[in-house]
Structures are given as structure tokens and as C-alpha cells.
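Mind the numbering: the sequence shown is residues -21 to -1, 1 to 292 in mature numbering (1 follows the signal peptide of the UniProt record, and there is no 0), read in order.
The set of hints was computed from the structure by calculation and includes no laboratory data. Treat each hint with caution, since some may be false.
[Said to hold, decoys possible] The calculated DMTMM-like cross-link candidates involving lysine to aspartate or glutamate, where the alpha carbons are at most 25 Å apart (straight line), are:
1) Lys186 x Glu207
2) Lys272 x Asp241
3) Lys246 x Glu215
4) Lys195 x Glu276
5) Lys57 x Asp162
6) Lys57 x Asp178
7) Lys239 x Glu198
8) Lys195 x Asp76
9) Lys195 x Asp241
10) Lys253 x Asp236
11) Lys186 x Glu276
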Amino acid sequence: MIRTLLICTLILWFTIKGAVCLNIPPIGYRPVVIWHGLGDSYDSPGMVRVEEIIQDMYPGIYTHNVYLDESGSTDQRKSFFGNINDELEFVCKQLADIPELEGGFDALGFSQGGLFLRAYAERCNVPQLRQLISFGSPHNGIADLPTCGLRDFLCRRRNAILKTQVWSSYAQHNVISAQYYRDPEKLDDYLEYSNFLADINNEREDKNQTYAENLKTLERLVMISFSEDETVVPKESAWFQEVNVTSGKVTPLEYRDLYKEDWLGLKQLGASEKIEYLRIKGVHMEVSDDDIKSIAEKYLGSTQLPRLIHQSP
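Use the sequences and the hints to build the structure in full.
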């Protein structure tokens, strides 16, 4: 009996099968964190539906929708207006205070939410982000503001005004999309005035080595683009690619200095085959239930040992 208990204990330490051997609570699924995009909210029907799909597929899995305010309408407003750095700090504390995430988590980031989750991994990463799956996220920024409808003259006027003021202190500290604006033909202005993206992409001369050290701990980075995306401009940003605005030439991530000189640890991830590129047919954020199910089946549902609760003797 003692010998059997010892063997089971050793199995528990070195393999997940020990949970069954010792008749302890069943091994759980790795938690999933979700961060919505621009103009959405954590409690919107779409985000709630994503949670429902994952929970139906993996009963008992812990999921968390990131919020910037518990009021859905305020959370939505903060996706448009605010300082990304302050919002990211708020989310870092939010995730650190969730006991269920202590062992790490996988994450789905929709549109700008995917970019912000990558920033989380670089700046905070406690608890650890293990797999990041981003949907149409502007990893290389946007070179233009979201396309307006043909008859949406107010939107066109707003974009025209915003583009002339995009490097102003006000825009860079209060307008969310301006803080990941990146015009490759005006890189000097971008590097000097960008409040967020130039830092998080480690494009300035002084590199933050912590960003690279943290990001290369990812088990997998999955970047999904939309074939007909006209919201993230250029759409190739979702794959971290560079686009020459004049010629239209696309430079893949692996041919960029950012990758070759490993400013973010992406070269190491790539060498380990931990970067994947996927494409969904359709416009920006045209994601069906079947798309979510397919992604969840392939990437989510990893098992982990139950979280141990430490008690004083």
C-alpha cells in the first residue's frame, strides 16, 4: 500500500495522470481570457457568445472577458477614448487578481484587443499568457483610419480632422486608435510622438529587453487576418507585415528588421515554429460560430493540474 502510494505520488509530480491515480479532483482546462475590439464591450452578445461556445466545448473551463469598466456602455466608450497605457495597467491588475488564472491562460484578442493582449504579455505577463490568438489585430499599427461609408460624411470629416492632429498630445493620450497609428512614410513623427505602438513594438533606438524576454515565452502566437478587411488598414498588419503605401509592396514579418534583429523575441518564436498565420474569408470581424469552434478545437482546451490551495497548518 505504501509502495503504491509512493508510486502514485511520483506520477503526480511528473505527469498529469497522477491526478487519476490518487483520486484527486479532475484535471482542469487551461483558462481563457477574451479581449474585445474597438466599439464593442465585454458584455455584448458577441463576446458572451464566444464564452458560451468555449464553455460548451470544454465544460468547467474558466473564461474571463476583459473589461475596462463594469458598465458595458462605459467599457465600450473606453475602447474609443482613453490612454492605452493606463487601461493596460488596469487590466494587468485585473488579471493578476483572478485566482483561477494563476497557472497561466490562453487568450483570444479581437481586433485591437489582440494587440493589447500582446502588450500585456510584454509588459506584465503575471499571470502568464501562454497562447495568444488574435483576430484582425493591428500588430503593425494602422496607416489609415477605418474606412467610412460612401454617405457617411460625418465619419469622413472626423477622420480628416483626426489625421491632421494624430500626433498631437491630446490625440496620443486620449484617442485609442491614434495611439496605434503608424504611417510608414512618416516614421520620424511616429517614433517621436507615438504614445503606445512605437514602444510596444520596440521600434525606438533604446530597446526594452523585457518585452522580448516576456513575449518569447509564448507557447504559440496565432495571427488571423480577414481577406476583405477594410477596417484595419492595411489588412496585412494583422500578420505583422509592412506595406509600402506608394508601391503596395508587402514585406513579410520574417524579412523585417523587427524580426531579423529580434526586437520582440519573434525570431525565436518563429525558429521554434510557434508562429502561425491563418486567414478568415470575409470583412473585419466577420467571425462565425463555426470559426470560433474551429479555433477553440485546435488551440484551446489544454489541460493543467488543479490549482493547489495553500493553507496554514
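Here is how each hint holds up against the structure:
1. Lys186 x Glu207: Status violated; Cα separation ~34 Å.
2. Lys272 x Asp241: violated, 33 Å
3. Lys246 x Glu215: Judged against 25 Å, a Cα distance of about 19 Å means the pair holds.
4. Lys195 x Glu276: holds, 24 Å
5. Lys57 x Asp162: Cα-Cα ~24 Å, so holds.
6. Lys57 x Asp178: Measuring from Cα to Cα gives roughly 21 Å; hence the hint holds.
7. Lys239 x Glu198: holds, 20 Å
8. Lys195 x Asp76: holds, 24 Å
9. Lys195 x Asp241: Status holds; Cα separation ~10 Å.
10. Lys253 x Asp236: Holds, at roughly 19 Å.
11. Lys186 x Glu276: Not OK: Lys186 and Glu276 at ~37 Å, beyond 25 Å, violated.
Hint violations for this structure: numbers 1, 2 and 11, all remaining hints satisfied.
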